[in-house]
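Going line by line, the protein sequences match chains V and Z. Be aware that the first sequence starts at 1, since it is given in the numbering used here, and climbs by one per residue. Be aware that the second sequence starts at 1, since it is given in the numbering used here, and climbs by one per residue.
One should not assume that every hint holds.
[Said to hold, decoys possible] Residues on chain Z that point at chain V, a partial pick, calculated with CB under 8 Å:
1. 71
2. 72
3. 169
4. 244
5. 247
6. 248
7. 250
8. 251
9. 252
10. 254
11. 255
12. 296
13. 368
14. 375
For the record, the hints were derived by calculation from the structure and aren't laboratory data. Ideal placement from N, C-alpha and C gives every residue a C-beta, glycine not left out.
In case you want the letters, here they are:
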Amino acid sequence: MEEINNTYLDNDPLIIAGRKFKSRILIGTGKFPSAEALRKTIEASGTEIITVALRRVDLKKPENDSILSVLNPKEVLILPNTSGARTAEEALKLARIARAAGLEPWVKLELTPEPRYLLPDPIETLKAAELLIKDGFTVLPYIQADPILAKKLEELGTATVMPLGSPIGSNKGLKTKEFIKIIIEQSNIPVVVDAGLGAPSHAAEAMEMGADAVLVNTALADAQDHEKMAIAFRLSTEAGRLAFRAGLGPQRNTAEASSPLTGFLFNSNNKS
Amino acid sequence: MEPFSFSNILNKWSSELIQEIYQRTDEDKVLHALDKDTLSIEDLIALLSPKAQPFLEKMAQKANRLTRWHFGRTISLYAPIYLSNLCASDCVYCYFASHSGIREKRVTLTEEQLRSECIALNEKGIQTILLLTGDAPKIVPVDYISQAVRIAKEYFKSVSIEVYSMDEEHYAQLAKDGTEGVTLYMETYDKDTYDKVHLSGKKKDYLYRLDALERAGRAGIRRLTCGVLLGLSDWRLDIVWLALHAKYLEKMCWQSVVSLSFPRLKHTPSRFKVPHIVSLQELVQIITAMRLFMPYSPFNLSTRESAEVRNHLIPLGITSMSAGSSTRPGGYKVYQGTTPTQRPVLEQFEIDDQRTVEEVVSAIKDKGYDPVWIDFDPGFIKSL
């Protein structure tokens, strides 16, 4: 069983900017109670991409930092994010600091001028994407589930789009489902559903819809048992992906008997 | 037309109106408020009322859950640096007061002394600091504070100030210097009490202080911390006004973080007895009710609480606390050890929690929380 599963997954890598990943779950590192909890989560989830808020880590002394100390750049891609930046220029500066500190030139672009709901600023995000791409960065922008913005970013050359499912940290699931569907339908680059995924079923739902990957943070960081929750998210992400590839049947609102209205036509007693 | 300010809102929410809502509050209203995602001021009043006391455990559990959702199991750590204990205002509850009659030494740190203090705190691992002074704009002018911020930025990721209220242009200067936050307690929103406890000095100007945080926000300060000095006046009124103020600041300064602090007035000079002592149970009710009202706001726990109380309050909605604090200028190095022949340097208040930074860190970890040293605002990366 395990083998069959792995065969399917091995032949189906996630490809972002030409780079292959086996895992389709990205992990955010905020809010974990300890370095140990983070380490367990990373291992159990099988993640290969980990986002790190530059404002929360000490790039000068990574060995002392409770987040950086558990990340091995040989095993995972450390994806610095620009959380806290409020303008395109600030995001560019932050990304450059990360690159200068030796991280790969990949950046998760987060521009959240309002500190309470941390919703992304579409105008500054578009500007920043352009600046960062010109500067040689591989850009993964966090956006509102806005299909037009997603297309404009794709045209600029971003590596993915990362639309939000619901407000960050809210655990409310795919409240923006209808718009994410459109983004997935229209996108030529990977769509990573970010923010709001509070349960494994939410991750599965996103993957069943055809999302290429999911990013999870709060639901993992806040778990009672970090290891179990990370496994649950890994399995649900894989399940959702396999279901998408297997081709799900359409949903129906009522039970459907095979032919309730026209059955009489084929009933031998009724032949006239 | 009069310019719009928070005082317009404050005038609408008179103490009579708030008392009337408290009178109408019953158990049903408390339960209703406990169930809601977004609370109105009436809901907050229900949770602050005596009728909510039997539901304190429920409130605490919800507060814990909401705080975890928004902040995770983390506690940000900072330390205060007192730049000066000179003061030109006479506030009856404060040891720094100009007419306190206290003869301990009054000092303002020189640049060299400030650098020594910064180095001493750096060695303890502190990355976030709060610079404080008394209320003496003529003796400790804005230029001095501006320079202090620039010096402190050489040593720390995040520098905030808690000084006297000032004009918008002064806040703009300090924002340019790299000041991330401004902490300014109204002390009490009750005008009569305010007048009674602030005997003289610039701080006596109630309206100028009331609008100060809004001026700071307009000037580009990105973290605004408000609070009342619990004990000065009836907290069931003051906390409602504080909540209104915080909500007002969020709307007017939508790019700024509005955070709250809950300092309990405990030790006071002999001429003043705390008139409205707030019990620990009441403090828990205040913090948890406010967490339900403002799920996403950082809450700071004052240095004034004991180690035991601070440990208990960690999971109830607190997101930042000080560690290894001294409330006297030079308290980390310059005037740390005072010889018997030396007159000691005056401290603002006695600290109950005498633990070192390491001890606070291990207490936070014991509670299952991760101490956060850096959470700077990248808006100031120019000075990184």
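A quick look at each hint next to the structure:
Taken as an interface hint, residue 71 of chain Z checks out: its beta carbon lies about 7 Å from the nearest beta carbon of chain V, inside 8 Å. For residue 72 of chain Z, the interface hint holds, the least distance from its beta-carbon to any beta-carbon of chain V being 2 Å, beneath 8 Å. Violation of the interface hint for residue 169 of chain Z is found here, the shortest Cβ-Cβ separation to chain V being roughly 22 Å, above the 8 Å cut-off. Checking residue 244 of chain Z against chain V: minimum C-beta separation of about 17 Å lies over 8 Å; hint violated.
With a cut of 8 Å, the hint placing residue 247 of chain Z at the interface with chain V is violated, because the nearest CB-to-CB distance is about 11 Å. Against a cut-off of 8 Å between C-beta atoms, the interface hint on residue 248 of chain Z is violated, since the closest Cβ of chain V lies about 14 Å away. Annotation: interface hint on residue 250 of chain Z holds; nearest CB of chain V at approximately 7 Å, less than 8 Å. Checking residue 251 of chain Z against chain V: minimum C-beta separation of about 11 Å lies over 8 Å; hint violated.
With its C-beta approaching chain V no nearer than about 13 Å, residue 252 of chain Z sits outside the 8 Å limit, and its interface hint is violated. For the restraint placing residue 254 of chain Z at the interface with chain V, the shortest Cβ-Cβ distance is roughly 6 Å, inside the 8 Å limit, so the hint holds. Taking 8 Å as the C-beta contact cut-off toward chain V, the hint placing residue 255 of chain Z at the interface holds, the least distance being around 5 Å. Using the Cβ-Cβ criterion of 8 Å, the hint placing residue 296 of chain Z at the interface with chain V is satisfied: the shortest such distance is roughly 5 Å.
Satisfaction of the interface hint for residue 368 of chain Z is found here, the shortest Cβ-Cβ separation to chain V being roughly 5 Å, below the 8 Å cut-off. For residue 375 of chain Z, the interface hint holds, since its Cβ comes within 8 Å of a Cβ in chain V; the closest pair sits about 6 Å apart.
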